[in-house]
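Combine the two chains into a complex, taking the hints into account.
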Amino acid sequence: MAVLARRLTTQFQLLEAPTILKPAISPQIVESEALRNLRATLEASIAAKLTSGSELVRAVARQRREEILPTTIPPLDALLGGGLARGKMTEIAGRGTRFSIVIATLAAATSIGEAAALIDASDSFDPQLAEAAGVDLRRLLWVRPQTMKETVTAAEMTGATGFQLVIIDMGSRRPPGRRVPDAAWVRLARVAESHGATILVSAPYALTGTTSEAMILAHAPRPRWLGRGNAPRVLAGVETKLKLEKHRRLRPGQTTTVFFQCEEAVGSTQAAVMTIPTADTRQPTARAKAS
Amino acid sequence: MTRLACFYVPMFVLAARLRSEPDLLNEAVGIVEGNGSNAHIVAATRRARKKGIQPGQSLAQARSLLPKLIARGRDAECERTAQEALLEVAETFSPRVEDAGEGVVFLDVTGMERHFADFGSGESGVGSRSDEEKVTPAISDTRHPTPDSQNSEIRLARAALRACDAISLPARVGIAASKLAARVAAELPKSPIVVAPGEEATFLAPLPLTRLSPELEAAAMLQRFGLSSIGDLAKLPESEIASRLGEVGRELHWAARGIDPRPLMPRPLPPEFREGMELEWPLVALEPFLFIANAALDRLSKRMEIQGFACKRLEFTLTLDPEGYDARGIDLPAPTRDVKTMLTLMRLDLEKTPPGAPVVGFSFVAHPDRPRRAQLSLFGPSAVSPEKLATTIAKLVSILGDGRVGMPMTVDGHLPERYSINVFSPPPPPDMKRTPARARGLLAVRTFRPPIPIEVTTREAEGDDVQIASIRSIADSAPPSPAPNARNRIEAGAKVEIGGTVRICSGPWRIEEGWWSDRPDIREYWDVELERGGVYRVFRGGATEWFVDARYEM
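First to last, the protein sequences are chains A and B. Each residue of the first sequence is one higher than the one before, starting from 407 at the first, in this note's numbering. Each residue of the second sequence is one higher than the one before, starting from 663 at the first, in this note's numbering.
These aren't lab readings, by the way, just hints derived from the structure by calculation. Note that the structure is predicted; figures quoted are calculated from it, not measured.
Computed spacing ranges between beta-carbons, pair by pair: (1) K1095/B x A484/A: 21 to 27 Å; (2) A828/B x S438/A: 40 to 46 Å; (3) R544/A x R1102/B: 14 to 20 Å; (4) L656/A x A828/B: 50 to 56 Å; (5) T1072/B x A589/A: 35 to 41 Å.
Okay, derived cross-link-like pairs now, EDC-like style, lysine to aspartate or glutamate, Cα gap no bigger than 20 Å in a straight line: (6) K1050/B x D993/B; (7) K712/B x E689/B; (8) K1014/B x E977/B; (9) K1095/B x D542/A; (10) K1050/B x E599/A; (11) K964/B x E753/B; (12) K1050/B x D1031/B; (13) K1002/B x E562/A; (14) K1014/B x D993/B; (15) K964/B x E934/B; (16) K974/B x D1000/B; (17) K730/B x E689/B; (18) K1095/B x E473/A; (19) K1002/B x E977/B; (20) K730/B x E683/B; (21) K555/A x D1064/B; (22) K1050/B x E562/A; (23) K897/B x E909/B.
The C-beta atom is built at its ideal place from N, Cα and C for all residues, glycine as well.
Bound-form chain B, shown alone (with noise of 0.2 Å):
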């Protein structure tokens, strides 16, 4: 038989703001619709409707009521995203997902119990695990024996209220099979409630008739006829209610006997997360726009984790004040958790380029991928973590910049300067340790980026060679500085004086490549010696530039 389950956040308005405003959870606060005199509360927490504030109210009269009142208004990506974050708790525990909106869930957890089942206090598994606490029937449908199979459903529906709980939201869970039985069960105070397999229309009779279908006008019209429980209903020939309600009657009297044709729509897989909340008021600064942003990312983050997933992309949409968007991306080095890292990724890109009006509102949206994987070996060199890795390459990224950090790359040509940065992926260590080889010794040069012009005097040698007789660095060639701070910066050649007579000259080397184009690259390099010590490496590019692009190690 199929069983079903519900999630429901009762006062779900309420519920996601609290999510993304944890700071209110004590606090008398309202939720309102509307705008003006039209202005009515929603929901209300427990501390304001202990004053007096009921749904339905106008703001006015809420306020005449509790004057310290906080207002807030309804906000669409709050709950959009508090109902995101449902369906993926939701998919945790069953990959047959119904979105039935408003903070209301159904998922098929039809054998789902067996991973909650009870394997004694020294075994270990998914069972075990979830099951800290013993089962108390009291708590389930008590008026009738409780299988295993009951109290497997009862622990998963504790361990759904767990993860509900860690995501923010609290909710109740109700587990039946039907999808009418299993929400009226998760509507009830007392969470979780389990209804046994055919014993749906006996868990309806007592209650009343409002809890069947509240929207539904027959309801109504059925108390008026006297009936007050669902049972009295049910007791009813269906024929005799169909004949005086028509269609509606019959479908609840349907439903009042347990019985729901609605099959399970699940939904599918959504391709990203979203997170992103409406601001009260608009926000001119970074720090305070970054402060919310954090509680956002890390909601978006413990998303992710619960899927399995990291962020690949993230991208953010600020709603400006008084109109209009501003759209930005990031792709991250790697797949990440991190929040500190994608916080301060989102940091230098607004710092870079401001968005130029206030801020009211934010959207983010993170594109997963899977996080990089490897299997450690036991005997060979300990590899790096993936995901240590990702972390630590995103967040150098975020304080050098791109093109800092990464994998060099020969580049095939002849040109000794050539080289790519890309994306720093090692290989798997090998499964035993080896020994290292012997060092071939080479001598390694210091390369100058980018190479320095230097004024040359030559003189005659055997043949049409040219040999060199003393440089000098030209005083103007160091190329302006990017970065603002450049006084706190190293500049490996810019600023490096290279001049004197030259002891001994080793050369000329000629280098040609791109022979066939237009343009080709004609070079003859030397190696100086100079009096004043240290070797160099000296090109002429041209008919009269002469640089210098490596110095011997020195």
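If we strip away everything but chain A, and leave its shape as in the complex, we get (with noise of 0.2 Å):
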């Protein structure tokens, strides 16, 4: 966990280079004369409704970049500005409640009408649990690569058809076989910028270096139950702490803390999860601060 910790430091201080953003054009340095010639002649409620065709496509440029798809997961979208950037690539790593936000996301593309693509390299999903969850199975393509290299071609090619929403699962231990070079997770950012699709990588351990927009590290959960002494117990749901490591955009070290609970104990565990911080946002510790 040093280690990582160490490397997203790292990771962190690189993408604060101002470089990698581009600058933003000033529309009057692109606004042509003839166009300022047509403004000057048209009374001023009308000419402020005019828009050339660079400023339209600037505008929707900039629109396209502050969409965002929210997980619908309140605490965690607060932590993330709104939720997943669109054309941008998102990392969950860690042993947290990944799987839970890869459902939850899933559902909520899917239930306003987009196409999403679940790349599941270690074949985990369970179709009947994510139905139950609110995913519209209709519009979710069920990927199953074996190995990293076909996970990542799989993400690439589904994101380049269109797809919304692609999410690349490695499941809960570090896949065997050889990492695929960095340089495959830089085409994949492009992918996703290019046809402004959705990426979200969920992993044990960060495998996007630089090239994601943010990166959430989900801790080791806490399982609760229901019941006590020598009753009956039934398991009530998962409890996680989730910690923005890098945002591209956001202060990053800001905390929270989410809770999935069980199928079986929806109805039972309402009181249970209401005593939890939900929206636990925190700003960053001393610590955290220093490194």
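Spelled out as structure tokens, the structure:
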């Protein structure tokens, strides 16, 4: 874990370089003389509504950059500034409840009519549970690769085809086989950028390096049980702590806690859920600031 | 008045071969028919003809004139597919097409010239699209003024020439009111030629009699009578010709006057597309075969594109050396025209089960289907292009194998591991954007496929219930991996080591399915949290068989 933390810190420092973001172009610079003259001849109210082609293109691009896909998990959305950025790659790493976040994101995307692809490298997706969680299975392409290379290739292909959401889930163990070169993640990020796809990578350890827009670290979860003593127990759910390790637009270091409940205990866990903070978004600690 | 067009490919035997082997286009090539001492040239490229190679020469004579002559035998498969391709091009211009064989196709173009009318430079439409060049009357029959309809017909003929060029067949085009006149017009070297309606006799008059029907012996006899042109024959009385030459002479006289009573015999649309060729030498390696197959599939794809079809099933037959055939079929997950995808699927099939003998020929048959279409929305979420989706799915299937790509489906029943995979065909997206519903926040489980057998120690609990004290995965439970390169495979559950003392145990929950059958599936499920961490779903299948089938997401 210490190695991982050191690596993430390095990545974060690299990402702070201002050259990565393109400087915004002032509309004044590109405003043509013809357009200026046209605006001058029109009434102010009409001229204000006049938009040139280049301005429109920039506005559409800006809108696309700012578009987000909410995960519909309020604490996580708050941590990510509203949700997963479209046209970007977001990564969730660690031992926490990553797969529950994946299922919730799939449910959010498919419920609004978007096509989603799940690259399930560990072949652990349960269609029955996903349907119960609200995933529209008709809009979900389930891909089950067997190697790391196949996983990244499948993600690239589905992203380039036009799927609005592509999720790579690496399972709970480090996948065997050779590592894919870093260039593969760069290429995947470019596919997301050029096709406006939202790519979510869920892995037990950080994979995407500097290519991802945001990186969430999911800490080890804690199960919650209903019932005490000799009384029969029921698994109520699992809570996990999430930490924003890096983000290109937001300040990293914030943490939150999310709780996922068991389907069998949905009716009986309302009280238990209420006692757990769901939007515990704290500022970074002094130690985190120092690092 | 009926207007007929004729597509004619000169030296069709050679053109069909060069279509399959375009590298030979600039070489001295001769097409040979017959074996041994009977082998003789039937067609030769321009370069060979310049060196004196002529049809009818024996191969030995040709070799003595040009030792470096590349000799190729007649390939029936090439000729058949070239003829099919020519017919398909004709079908893009008219629905009524007659197959006259050997590089000749007739089509009814009555009224079709309207699609090629000149709408002026500012107009957009089919006519202006095909009319990049200005119409030059010199190319058509120049002795008569060319009205607008004839200009349109010339544009149609030029578009046909371009379409034939696109499939690598150098065709000539003639348009006239009868099949005979259209064919004669197409055979003339200056193409395209449009014969004005009612001017067939005038058009034919100056041409030599051999143009009329080279096969007829009567034509030679008429030449001996001193008749040199078709016009000379047409001037003679029909009864005199008929009395001397019989019925053949009467037909010849009609033809000389431009009268052709034969109607167009349209062919039915083919249910499949074929490509193939015979190889010069047996192929024993996969790569050279795929190199040739790539070119053939490319031609197949272009032909399907012309007709607006995509391939749903690809069948291929390999001719083996010394004898025998190997026939195979590949069902594509969705209709596609992507050559790379089809080639990859073919490669995988051949790698899986090699033919077992050298390959000396092949034939591909594509069963067409309409590609998927969808109306895209302006305001809703963008839909995935059906054609791109079909290609992607086909590629993924070729890489990952069957059953690993598709739409997940739930199966009715009580057992949690049940699922099925169907063809991914998403419904159209909504017309307007929606707001996502708030997630239910359900805890996900990671399913182990197949379930991992475990050893369990139990302790007694209240009543008849059993509580689990500890679990341990059985070491030898991992099933053998079917993949040869198992070292690089991700094995989801096979090598997961699960074990430890149970901290909290919850259960059992009983499931019974198929109670009406002889072997009902009765299970008892527990949720167990281990001291070392992790919550698992454990079930007992029989009296002593225990499994872990899922892990609560940790």
